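Enquirer: Working from the sequences, and respecting the hints, build out all of it.
Going by my numbering, the residue at position 49 of the sequence shown is 43; the numbering climbs one at a time, nothing skipped.
In short, the hints are calculated from the structure, not lab data. Small disclaimer: the values here were computed from a predicted structure and weren't measured. Glycine included, every Cβ here is placed at the ideal spot set by N, Cα and C. Possibly wrong hints are sitting among the right ones.
To be verified - Simulated DEER-style distance windows between Cβ atoms: (1) M95 - R150: 26 to 36 angstroms; (2) G227 - K168: 29 to 39 angstroms; (3) E271 - S133: 23 to 33 angstroms; (4) N250 - S6: 39 to 49 angstroms.
Said to hold, decoys possible - Pairs of lysine to aspartate or glutamate, EDC-like flavour, derived with a Cα cap of 20 angstroms: (5) K171 - E210; (6) K52 - E35; (7) K71 - D93; (8) K111 - D101; (9) K103 - D85; (10) K71 - E24; (11) K111 - D85; (12) K178 - E210; (13) K82 - D106; (14) K52 - D106.
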Amino acid sequence: MDYYKYISSLPSDRLNIFLSTLSVTNRTPEYYVNWEKVNRETKKFEIELNTLNYLIGKKNIYNVALELFEKQPELLKAIPSLIACRDKVIDVLSLDETDNMSFYQLDFKNIDTHYIKGYIDFIERSGLLNFLQNEANRSLVDYVYGVETGLDSNGRKNRSGTTMEGILERNVSKVCKAYGLSYKAQATASFIKNTWNIDVPVDKSQRRFDVAVYSEEKHKVWLIETNYYGGGGSKLKAVAGEFTELSQFVVTSEDNVEFVWVTDGIGWKTAHLPLAEAFGHIVNVFNLEMLKNGFLFNLLK
-5 MDYYKYISSL PSDRLNIFLS TLSVTNRTPE YYVNWEKVNR ETKKFEIELN
45 TLNYLIGKKN IYNVALELFE KQPELLKAIP SLIACRDKVI DVLSLDETDN
95 MSFYQLDFKN IDTHYIKGYI DFIERSGLLN FLQNEANRSL VDYVYGVETG
145 LDSNGRKNRS GTTMEGILER NVSKVCKAYG LSYKAQATAS FIKNTWNIDV
195 PVDKSQRRFD VAVYSEEKHK VWLIETNYYG GGGSKLKAVA GEFTELSQFV
245 VTSEDNVEFV WVTDGIGWKT AHLPLAEAFG HIVNVFNLEM LKNGFLFNLL
295 K
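Expert: Rendered as structure tokens:
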């Protein structure tokens, strides 16, 4: 793949090249579980969980639990972890036999010691007491490790973006080292002005560019944004529109500023029209295959 041929092609041709070289995934092995976070969240209540092992297999577990929590109410702080809930203050809908609705709130961060029975009623109705009495047969610390691993899957969407930022920064670092350039991850317009004396118009006061690269020789800044979309959806149209507008906005600077968009993912095949519009305005749209082929080395030369 030739950078110069790509960059000088018509927008429609660049789009076709881009779409034909999209990556099937950007998921590295580290994408699946953030073990550091799983370990950290589990360790928070390790002592409480070990104490709650006392309830495993107990007969008449409701009364045993009531007695335990009345003596040690702080043990209740571990309950959200056992029911796979990140919230420490839980709003609850209650339905009686005739489907009358009422609402109440349980604070598992600041335990109400005058309402221990209310906590126990919630724990029983959640099915947790039944699990502890009839199903649990090993350490609750090990059980929560499993729960936290499952909950961590909710963070995968953010990790996909983080992965792209990491790939981009590693590529930029190599280029900057080779050419003697400077760069800054999560750069703001104020940082760029104060450090490199280049004005960058921004559409949002708190706008942070994933990477900014500076050439002292050319007194020029390249602003690079990155993302990845493995699936389709309406968000892709909005993203394409946002970066089209941003690219047009930043280049109004009286200084030498160039916009670069590194994106990938087969989701883009479902957003052909908005992406085509973006290609009509943004020359530097690259994917991972293009980074692999040294496009940043050619661009930042």
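Enquirer: So, against the hints stated earlier in the document, which numbers end up violated here?
Expert: Structure breaks hints 3, 4, 6, 7, 10 and 14.
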